[in-house]
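Let chain A serve as the given structure and place chain B with the ligands on it in line with the hints.
Order-wise, the sequence lines are chains A and B. The first sequence: position 237 = 887 (the working numbering), numbered continuously. The second sequence: position 181 = 388 (the working numbering), numbered continuously.
It is possible that part of the hints are untrue.
Unchecked claim - Distance windows between CB atoms, simulated:
| hint | chain 1 | residue 1 | chain 2 | residue 2 | range |
| --- | --- | --- | --- | --- | --- |
| 1 | A | R656 | B | G440 | 39 to 47 Å |
| 2 | B | G482 | A | D898 | 44 to 52 Å |
| 3 | A | I661 | B | G477 | 37 to 45 Å |
| 4 | A | R656 | B | Y491 | 45 to 53 Å |
| 5 | B | P258 | A | R656 | 50 to 58 Å |
| 6 | A | Y720 | B | E322 | 38 to 46 Å |
| 7 | A | G719 | B | L378 | 47 to 55 Å |
| 8 | A | P677 | B | L378 | 55 to 63 Å |
| 9 | B | G482 | A | M651 | 43 to 51 Å |
| 10 | A | S678 | B | E322 | 45 to 53 Å |
| 11 | B | E322 | A | P913 | 50 to 58 Å |
| 12 | A | R656 | B | G482 | 39 to 47 Å |
| 13 | B | P258 | A | M651 | 22 to 30 Å |
Just so you know, the hints here were simulated from the structure itself, not pulled from any lab data. Computed from a predicted structure; not experimentally measured. Even glycine gets a Cβ: it sits at the ideal position worked out from N, Cα and C.
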Amino acid sequence: MHLAARIESIINVTSTTKVYRLGYRGPSPGPGQFFMVWIPRVGEIPLSTADYEDGELLLAITRRGRVTGYIHENLRVGDRIYLRGPYGKGFNLPRGGDKTLLVGGGAGAAPLLFLAETIRERGGRCDALLGFRSGDEAFFLEEFKRSCGSLFLATDDGSMGSRGAIPDVLRQILGERGYDAIYLCGPEPMMAEVADLVRGTGLRLEASLERYMRCGVGICGTCVLDPLGLRVCRDGPVFPLEVIVRIDGFGRWWRGFDSRKTPI
Amino acid sequence: MLQVELAGLKLRNPLILASGILGSSASLALRVEEAGAGAYTTKTITRDPRPGYLNPSFIDLGIGYLNAIGLANPGIDDFAEELDLMKKAVRIPVILSVGGGSPEEYEYVVKIGAERGADAFELNLSCPHVKGMGAELGEDLDVALEIIRRARAASGGRPIFLKLSAHYNYLGLAEEALKAGISGFTAINTLRGLAIDVYARAPILSNVYGGYSGPPIKPVALRVVYELYENFGKVPIIGVGGVDSWVSALEMVLAGASAVGVGSAIAANGFEIFGEIIEGLRKYLETEGFRRITELVGLAHERSV
Ligand SMILES: Cc1cc2nc3c(=O)[nH]c(=O)nc-3n(C[C@H](O)[C@H](O)[C@H](O)COP(=O)(O)OP(=O)(O)OC[C@H]3O[C@@H](n4cnc5c(N)ncnc54)[C@H](O)[C@@H]3O)c2cc1C
Ligand SMILES: Cc1cc2nc3c(=O)[nH]c(=O)nc-3n(C[C@H](O)[C@H](O)[C@H](O)COP(=O)(O)O)c2cc1C
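Pulled out of the complex, with its shape left as it was, chain A reads as follows (with noise of 0.2 Å):
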């Protein structure tokens, strides 16, 4: 069943990203753990903890289609929002000692907001790599400078930040800075290119990926990564650099709701 949560504030981070703070009352999440979100007679949809602390909830909620544009047209302040899980297999923490980065594109930076706050609560440190379509999309900036050592940025546009796309600014990084490990999350495509990069360097890498999900407790099978039959609601939604090199299709395809291949 699922837990009704209230709407505590509502932020306009950017005009395609509205941050959510919940009162939540149920089992607490870890970093890279996701709910199964319901908005009555509307939808259900996979949303990341974006942060979690004593009862409050926070998610960035990127407008996309249906449910999203929904939630960013009607929900207020005082509204309910239904949840059930937290759901999945979240990042597994940084050995102590590890130079740790975080790479997010997007709506990617969300489960690694909470991994970089749970980082820093344990007494680590991490940089992070953020990057965007241009500045006026990029959110939750001050708040990866507040729990995170170095930000870099990088925009399409060159709009804020370094001119260019994650993988090309990551190459750069990656040469001064002696990184081993890597969280990564966003666009699938990007995230393929950063795998190949990373490939045969010894860095750990994890991502946390995103597919179609209908039951969020690994029985339906809409969620499986072929040919290894892992479910990404279940065994995942993060998976090790050697899991992801595997996949069918990384960053290319995935399966619809029909179970059908189709592009990215």
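Using the frame of chain A, we list chain B with the ligands on its own:
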């Protein structure tokens, strides 16, 4: 010890993955085989692709599960390739679950399935939440028998199971289906149900109605299996509904099931459920002094004197 023969299918043990659970890809079939299952049932495949219903389409109620996936599937023409991969990936029998809106659609799916080497078929005449498909067709005896006849003709002689619902006159349907040449029965599909959230003051499933599964439906499933055995004797029965332990698997067998389907239990117990049940059955046979699981089929029917 645990081997069973089911309408000519040889199973290394009586556990069968139930339809609609992890039934969409060869990679999952392999994981199910590795977990120990004796056979694999695909999700129900129709002639045309179906996106299924919008989410929420599944909920854990705490006392069982409710789903209205809506027979989402890629359609048999697309699935044919996956079926090839499944047949290459696993050695356990692959049972193709077949759905549709008309006898012609069932026939088409069975025909393609037979060409691609499905080891057996299961006719889904029991899905409780899709209009014009599943249980609605099972309610119309003439249509149901036409589906069975056409499926038989297209099946290349491979076994065909009829998946029954507990909602309609399943004994009447079963009797006619046997005359029409059905090989056995799968009982039961989910029970028609509904869930409401009191704060949302709304039904939870987008489709409003869904199918109820999991341990709470076990007594209903046992009843149907027991009645089928009582009425039709040694016809092969796959008992499905609420099996989540070796004890509940054994209850099905004692009621008359030659094989046992496992579905929702994977949500709570993971793939490990297959190994756990197998281990439990083995121990039971040993300690209770049985040589084969087949000796136990229908034993609960022996009357007291
Ligand atoms: C584990 C996980 C965590 C996520 N975390 C976040 C997050 O923190 N913030 C955020 O903004 N977005 C997140 N997403 C993506 C978010 O779920 C989709 O943007 C959302 O489902 C789109 O719904 P819609 O109705 O607005 O779009 P639709 O109109 O339904 O479709 C637009 C596209 O969204 C995707 N999509 C739709 N439904 C689903 C579904 N049930 N499962 C997966 N993908 C779907 C498909 O690519 C589809 O083509 C996450 C996805 C997953 C799988
Ligand atoms: C998520 C889900 C999807 C299902 N899809 C199908 C299906 O496509 N075809 C079918 O015949 N039965 C389907 N079923 C019913 C199961 O095969 C089974 O008959 C029922 O769930 C009872 O068994 P259980 O209690 O072990 O889950 C589905 C069940 C669930 C939970």
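Hints and how they fare:
1. A:R656 / B:G440: 39 to 47 Å: At roughly 59 Å between Cβ atoms, B:G440 and A:R656 fall outside 39 to 47 Å, so the hint is violated.
2. B:G482 / A:D898: 44 to 52 Å: Violated: the Cβ-Cβ distance is about 27 Å, outside 44 to 52 Å.
3. A:I661 / B:G477: 37 to 45 Å: 39 Å, holds
4. A:R656 / B:Y491: 45 to 53 Å: Between A:R656 and B:Y491, where Cβ atoms are some 50 Å apart, the hint holds.
5. B:P258 / A:R656: 50 to 58 Å: Cβ of B:P258 to Cβ of A:R656: about 33 Å, so the range 50 to 58 Å is violated.
6. A:Y720 / B:E322: 38 to 46 Å: The hinted range 38 to 46 Å holds for A:Y720 and B:E322, with Cβ atoms some 44 Å apart.
7. A:G719 / B:L378: 47 to 55 Å: 50 Å, holds
8. A:P677 / B:L378: 55 to 63 Å: 45 Å, violated
9. B:G482 / A:M651: 43 to 51 Å: Because 30 Å falls outside the window, the suggested range is violated.
10. A:S678 / B:E322: 45 to 53 Å: Because 52 Å falls inside the window, the suggested range holds.
11. B:E322 / A:P913: 50 to 58 Å: 28 Å, violated
12. A:R656 / B:G482: 39 to 47 Å: For B:G482 against A:R656, whose Cβ atoms are near 43 Å apart, the range 39 to 47 Å holds.
13. B:P258 / A:M651: 22 to 30 Å: The hinted range 22 to 30 Å holds for B:P258 and A:M651, with Cβ atoms some 25 Å apart.
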